[in-house]
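Colleague: Chains E and Y, in that order, give the protein sequences. Note that the numbering used here has the first sequence beginning at 1, numbered continuously upward. Note that the numbering used here has the second sequence beginning at 1001, numbered continuously upward.
Don't take every hint at face value.
[Unchecked claim] Below, in silico cross-link-like pairs of lysine-lysine (DSSO-like), each with a Cα-Cα straight-line distance of 27 Å or less:
(1) Lys50/E <-> Lys172/E
(2) Lys1051/Y <-> Lys135/E
(3) Lys74/E <-> Lys280/E
(4) Lys75/E <-> Lys1051/Y
(5) Lys1051/Y <-> Lys74/E
(6) Lys176/E <-> Lys1051/Y
(7) Lys43/E <-> Lys180/E
(8) Lys61/E <-> Lys425/E
(9) Lys56/E <-> Lys418/E
(10) Lys118/E <-> Lys48/E
(11) Lys314/E <-> Lys295/E
(12) Lys50/E <-> Lys349/E
(13) Lys43/E <-> Lys220/E
(14) Lys118/E <-> Lys309/E
(15) Lys314/E <-> Lys56/E
(16) Lys180/E <-> Lys280/E
(17) Lys166/E <-> Lys1051/Y
(18) Lys1051/Y <-> Lys385/E
(19) Lys312/E <-> Lys119/E
(20) Lys56/E <-> Lys1051/Y
(21) Lys425/E <-> Lys407/E
(22) Lys385/E <-> Lys295/E
(23) Lys118/E <-> Lys135/E
(24) Lys1051/Y <-> Lys425/E
(25) Lys172/E <-> Lys161/E
(26) Lys1051/Y <-> Lys312/E
(27) Lys277/E <-> Lys119/E
[As the list claims (entries may be wrong)] Residues of chain E clear of chain Y, computed beta-carbon distances all greater than 10 Å:
(28) Ser77
(29) Pro81
(30) Tyr132
(31) Glu390
Quick caveat, the hints were computed from the structure, so don't treat them as lab data. Here a beta-carbon is modelled for each residue, glycine too, at the ideal position from N, C-alpha and C.
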Amino acid sequence: MRRMAVIATALFLITVLAGAALAEAQRPVTLRVVFPGTSETEKQWSVKLKQTAESKLPGIKIEMMYIGWPDLEKKLSVMIPGGDVPDLVQQQEATTLVAMNALEPLDAYLARPDSPLKKEQFYEGVWNFSLYEGKAYTIPIRAISYGLIVREDLLTEAGMKLSDLKTWDDLKRAAKAMTKGTVYGYGYPLGLPRFAWREGPYIAGYSNNFDLSDTSEVTKPRYLEMLRLFKDLQPFMSPTTKVMGLREAFQAWGLGNIAMMPTGDFFVANLYPINPKILKVSRAIAYPKGPSATKPWSPVANVGWAMFKGSKQKEEAWKALTFFTSLENLTEESAMLNTPARRDLDMAKLGESAARFYPQAVEENRRIINDFVTNSHPIGVPMRKIVRREEMEVAFQKIMIEMLDGKLTPEQAYDRIKAEIDRIKRG
Amino acid sequence: MPSLARLRRRLVEHRTPYLLLLPSVAYLLSFTIYPILNVFYLSVTDLHLVKSLVPHFIGFGNYRDLIWNDPDFRRILGNTFIWTFGSTTLQFVLGLTTSLILNARLPWRGFWRGVMLVPWVTPIIVVGIIWRWIYDGSYGLLNYYLTVVGLLNRYVVWLGEDAMVWPALLLASLWKGYPYMCLMLLAGLQTIPEEIYEAADVDGASGFWRIWYITLPLLRPVATIVTLVALVLTWNNFQMIWVLTEGGPAYATSVLATYVFTKGFVFFQLGSGSAVAALSILVVLVLCVIYGRMLRVEEREP
């Protein structure tokens, strides 16, 4: 009797353990994916991408975390030291993550004979932005180009045409002419460091052939010209400039309160949910050439998928990454936002997809994206990869606010910016 | 050895209460004591995630840099005092006034007591977002209504103008925090015996003197505790400032709590951020000790 009880117990335990092992083996792998964005359109796309991935990748579940771009670094900076890294992240500029040794180089995966992804599939400049010291850390999804968005109708009322905006003097003249009533000629989202750096001075700097992180004596005259430009444009900026983030700036554009604003080709995705009608009168041009530029540059970057070194499910993560960057998904995502990173996209299909995302502004979206591709791509120069850019952005914002408040002259502002950026570079 | 035996005997005799206390002690050690000790440890290292994930001991270097070399730290420390003492004082004054009103016999007293609690039960993030829209410089309700009634002739950027941003923040904090004060003081008011007021009436004491000589002195123990709690909570309040201004523009509204976040999670300087946190803990501890000593001196005076 006792022997029977022992055998029965042993059999029971074996069955339970085997069942548990089988259940463990069959349990789907859950990948944690961080998807940053600024618009409702991107948020909806992230949900769709998750659902499609789960249906097409058996055994893989996706935990999609959608957050705003300004919050991305803060979220990752908590996750990384805690050892709680996600598996995949969509990243625009991975310099800091690469410097922290947090990302997995993808060259070995790309070199596999069965890899569906090859660098030749991508535009060269866009691919090169994903390289850090020669290694590929992200797979590009979309190219981002920057320029100047203009309310063409207000410009016409002011007696000017888009083709008249060639120099910074033209820009100031147009800003002055278009500022009346509740409309301000120039929008500058100074309220958050990221946009205080990028959505204005950085783009203007490129149009004058220098990068904001470059404080050498060679660039000093160009830097001062840029600071004086913003000082001259200040009377044509909204009084809320100091507290305006990019979202508030797009809201102001959607309500018709801003006439010109430097920004990127994510403009349509952000404006469409606010006011699709305003896209009819919005055009994109290259930022006018600065006084010291031989020819204008336009900053280009890309958004790409990266894998974390700390991921414990790298094979599954790579599988999901190749799915996310498949031709079909890239066609949809490029139609939603920015411009294509892959050469081999079917542009007709891209147009059809764009019509689904922006049914009330099909032609307008096509026109604005075409504006960016035509005007900014030919003069595109990859954005410099800057370590500790986040610190520079905060210091830069502070000094710009003081300058626009009248507490510093442009020359004093330059000295302070140089001192801060050089200090940060020295570490 | 005898003391060990005594300890063992005590543990055995009282094992049930000690076992019941164990989860709370474990929680306190894991989620309060250990993190605080870790903050002090990191504050004496140079941990900077962009440079290295390995911390190296540097003594009081972070503290020296903050106090002597950081041009923003002194301003942020000053902001923290403004925020903490300003919020607490305003919340106390309004809380006391409201509690006196709600303690009186007024129609629908229960209803008004419930309505008074609405700001307190609303999540702080929601409160911050609502006030952000009220203060919006272009489309905000405050600008609109003040213009309609003729108190303003131009829209004010409440969260952007130097002279207006702190009054704006303190008003939002007052709205959110005064119900807690009111509730605690109301409970204290209800412990004051009615006979004392009746005796005061017999002596001919008017409303103001009743409050000054009876209500406030008898309310002091409750007021002391609730003010101290409010001081500490406000000192560490991160969410309200972050939702309204993110500590900007340009550190104008940064307090120590937001500076810890900026240093640690925007700049990735965990060593320096921990030093800010450690200094914040020390300052608030000193404030609590001074506050306690001042009250004990007052209690000893005749």
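Colleague: State for each hint whether it applies.
Modeller: Going through the hints against the structure:
1. Lys50/E <-> Lys172/E: It is violated: about 46 Å lies between the C-alpha atoms, which goes past 27 Å.
2. Lys1051/Y <-> Lys135/E: Judged against 27 Å, a Cα distance of about 19 Å means the pair holds.
3. Lys74/E <-> Lys280/E: violated (36 Å)
4. Lys75/E <-> Lys1051/Y: Holds. Lys75/E to Lys1051/Y sits at ~19 Å (cutoff 27 Å).
5. Lys1051/Y <-> Lys74/E: This hinted pair holds, its Cα atoms lying about 17 Å apart.
6. Lys176/E <-> Lys1051/Y: violated (46 Å)
7. Lys43/E <-> Lys180/E: Violated - the C-alpha atoms of Lys180/E and Lys43/E are around 35 Å apart, more than 27 Å.
8. Lys61/E <-> Lys425/E: With a Cα-Cα distance of about 41 Å, the restraint between Lys61/E and Lys425/E is violated, given a limit of 27 Å.
9. Lys56/E <-> Lys418/E: Distance ~51 Å between Lys56/E and Lys418/E Cα, so the pair is violated.
10. Lys118/E <-> Lys48/E: Holds, because 25 Å separates the two Cα atoms, which is no more than 27 Å.
11. Lys314/E <-> Lys295/E: Roughly 44 Å between the alpha carbons, so the hint for Lys314/E and Lys295/E is violated.
12. Lys50/E <-> Lys349/E: The given pair, whose Cα atoms are some 21 Å apart, holds under the 27 Å limit.
13. Lys43/E <-> Lys220/E: Violated. Lys43/E to Lys220/E sits at ~41 Å, over the 27 Å cutoff.
14. Lys118/E <-> Lys309/E: holds (21 Å)
15. Lys314/E <-> Lys56/E: Measuring from Cα to Cα gives roughly 18 Å; hence the hint holds.
16. Lys180/E <-> Lys280/E: Holds, because 21 Å separates the two Cα atoms, which is no more than 27 Å.
17. Lys166/E <-> Lys1051/Y: violated (43 Å)
18. Lys1051/Y <-> Lys385/E: holds (16 Å)
19. Lys312/E <-> Lys119/E: Given that 27 Å is the threshold and the Cα spacing comes to 26 Å, the pair holds.
20. Lys56/E <-> Lys1051/Y: violated (40 Å)
21. Lys425/E <-> Lys407/E: Given pair Lys425/E, Lys407/E holds - Cα atoms ~26 Å apart, limit 27 Å.
22. Lys385/E <-> Lys295/E: holds (22 Å)
23. Lys118/E <-> Lys135/E: holds (14 Å)
24. Lys1051/Y <-> Lys425/E: Roughly 12 Å separates the two Cα atoms, so the pair holds.
25. Lys172/E <-> Lys161/E: Holds: Lys172/E and Lys161/E sit about 14 Å apart, inside 27 Å.
26. Lys1051/Y <-> Lys312/E: Between Lys1051/Y and Lys312/E the Cα gap is close to 24 Å, so the pair holds against 27 Å.
27. Lys277/E <-> Lys119/E: violated (39 Å)
28. Ser77: Violated, since 4 Å does not exceed 10 Å.
29. Pro81: violated (6 Å)
30. Tyr132: holds (14 Å)
31. Glu390: violated (5 Å)
Checked against the numbered hints given earlier, this structure breaks hints 1, 3, 6, 7, 8, 9, 11, 13, 17, 20, 27, 28, 29 and 31; the rest are met.
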